[in-house]
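Participant: Can you build the whole structure from these sequences, using the hints too?
Once you know that position 149 of the sequence shown is 286 in the numbering used here, the rest is easy, because the numbers rise by one and skip nothing.
No lab work stands behind these hints: they were computed from the structure.
Please note that a few of the clues may not be correct.
Said to hold, decoys possible - Listed below are the simulated DSSO-like cross-link pairs for lysine-lysine, each with C-alpha atoms no more than 27 Å apart in a straight line:
id, residue 1, residue 2
1, K266, K321
2, K325, K377
3, K266, K388
4, K388, K170
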Amino acid sequence: MTAEPKEIPQGAAVEAGRDQNYAAIVDYEAEAKLNGLREAHGATWDSPDDSQNPYNWSLTRKVSIALVVSCGQLATLMSTSMMAAALNQIAEDVGLSISVTQICFSIFLLGLAFGPFLVAALSEIYGRKFVWLTSNVWYILWNSLCPVGNNAGLMMTGRFLAGCGASAGVTLTAPIMADMFHAKDRGKSLALATLIPYLGPALGPIMGGLASQHIHWHWLFWILSSFEALVTVLGAFILKESYTPTLLRRKARAQNPNLYPDNSPLTQQFYIDLFAQLRKNIHRPLHLLLTRPIIQFLAIVYGLDFGIYVLMLSTYANLWIDRYHESETISSLNYLAIAIGTTIGAQAGGHLMDYIFRRMRDRPGAIVTPEFRIPYMIPSVLLIPIGLVWYGWSAEHRISWVVVDIGAAIFTAGCFMVGQGMLAYLLDEFAHAASANAATRMLSNILGFAFPIFAPSLYDRLGFGWGNTLLALLYLGLGVPIPFVLWFWGPRIRDIGKEV
Numbered sequence: 138m139t140a141e142p143k144e145i146p147q148g149a150a151v152e153a154g155r156d157q158n159y160a161a162i163v164d165y166e167a168e169a170k171l172n173g174l175r176e177a178h179g180a181t182w183d184s185p186d187d188s189q190n191p192y193n194w195s196l197t198r199k200v201s202i203a204l205v206v207s208c209g210q211l212a213t214l215m216s217t218s219m220m221a222a223a224l225n226q227i228a229e230d231v232g233l234s235i236s237v238t239q240i241c242f243s244i245f246l247l248g249l250a251f252g253p254f255l256v257a258a259l260s261e262i263y264g265r266k267f268v269w270l271t272s273n274v275w276y277i278l279w280n281s282l283c284p285v286g287n288n289a290g291l292m293m294t295g296r297f298l299a300g301c302g303a304s305a306g307v308t309l310t311a312p313i314m315a316d317m318f319h320a321k322d323r324g325k326s327l328a329l330a331t332l333i334p335y336l337g338p339a340l341g342p343i344m345g346g347l348a349s350q351h352i353h354w355h356w357l358f359w360i361l362s363s364f365e366a367l368v369t370v371l372g373a374f375i376l377k378e379s380y381t382p383t384l385l386r387r388k389a390r391a392q393n394p395n396l397y398p399d400n401s402p403l404t405q406q407f408y409i410d411l412f413a414q415l416r417k418n419i420h421r422p423l424h425l426l427l428t429r430p431i432i433q434f435l436a437i438v439y440g441l442d443f444g445i446y447v448l449m450l451s452t453y454a455n456l457w458i459d460r461y462h463e464s465e466t467i468s469s470l471n472y473l474a475i476a477i478g479t480t481i482g483a484q485a486g487g488h489l490m491d492y493i494f495r496r497m498r499d500r501p502g503a504i505v506t507p508e509f510r511i512p513y514m515i516p517s518v519l520l521i522p523i524g525l526v527w528y529g530w531s532a533e534h535r536i537s538w539v540v541v542d543i544g545a546a547i548f549t550a551g552c553f554m555v556g557q558g559m560l561a562y563l564l565d566e567f568a569h570a571a572s573a574n575a576a577t578r579m580l581s582n583i584l585g586f587a588f589p590i591f592a593p594s595l596y597d598r599l600g601f602g603w604g605n606t607l608l609a610l611l612y613l614g615l616g617v618p619i620p621f622v623l624w625f626w627g628p629r630i631r632d633i634g635k636e637v
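Facilitator: Spelled out as structure tokens, the structure:
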């Protein structure tokens, strides 16, 4: 007597069929991605789980790389603001007016504005690691030369060229994280990568205040250069190349040396090929900035955000010295409020962004788009004018330092939450992340250079209350509407100028 086959419940059969169809779709998409990589670069990963693929690296390796690039960016971002508490002493020793000293302070940001174009271009030719290491060496050299001889010309030249070298950390940190982490973990990865460096602009003035009162201000530059040299040596051993096109080109060359012939640097063809690639890759961020309105929208909101932030960094110490009559050391400790705002904005904000992204992605019928980052950015942009008005009017009326610092912390948290949301939006939208980042940050760093120059006259004429109110109104008019515009019309704006 033969046993009758067990009847499979109809619902279970349907569910099993659905699972098989889903698995088949996933396998097909994975195979299509691998084939696409082979067509683009001449080689592909052995499988979706290939251990050489940066997405599949161990968490230990990813965290180690994130910590190295974070520490490297810490020193370079501390250079942005370290002169703030020592501006009066530097002006006296070098023989400069306060306004010219402000230019020495902010010209570093002009280097950060233009350096990314070359950094992004080279990183998309030679990969992340080589460009990161060589840029760090460039920064160390010029940052060390800045105070030599108390020479104003050398100070300005050194600050500008050091800023160009420092731009590698700012330009490449987010793309390196995008190389290793999927979109669903983007907020978490950016929080990890920015935990240390985002403290730099706040810790720089504290270090500057201590140095200007207890040792000579020259050591500000030399201590940071020494720290960056140590990080660069560690990075030479710990940092691994993470840029997929570079890794696959190397693999293709190993499999077929004739596919990517190695031109000798002694031949003319080598330089012809090099400059052709450089021209193409330098042109890319400029092309994005000029032809993609989405880049222009993001550049406006982040440019205002960063410009006002640097203006505050350059004047915060003098607020406490002139209006509250604190010493350089004590005044610099108020920058801890900025560090607290930075930490809250970057760390809590990163996890909040991932939570919002997952909730929107998991809705029935949801199609993932960069606009999933917008609900996170909307409350972030509102914190900026609130913090500005709070900090400005409490300082104007000389209310307790605690109240002023709370306002500064609110403003700073909003700044860095906006920056994180913007970066995640860029990384979701653009394949060439370094070029898109360079294009967006150009305006922000130009405004970061310009805003501190007019800061003294702004507060001399209007005071901190009306001065910050004017800045808040400017941001309300130009910065706050942009996330709302992107939420309703983002897909249309992203399509403008997009190459098929």
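Participant: If a hint holds in the structure, say so; if it doesn't, say that too.
Facilitator: Hints versus structure:
With a CA separation close to 25 Å, the supplied pair K266 and K321 stays within the 27 Å bound. Restraint check for K325 and K377: the C-alpha separation of about 20 Å stays at or below 27 Å, so the hint holds. For a cut-off of 27 Å, the pair hint linking K266 to K388 stands: about 17 Å separates their Cα positions. As the CA atoms of K388 and K170 are separated by approximately 17 Å, the hinted pair is consistent with the 27 Å bound.
Checked against the numbered hints given earlier, this structure breaks none of them.
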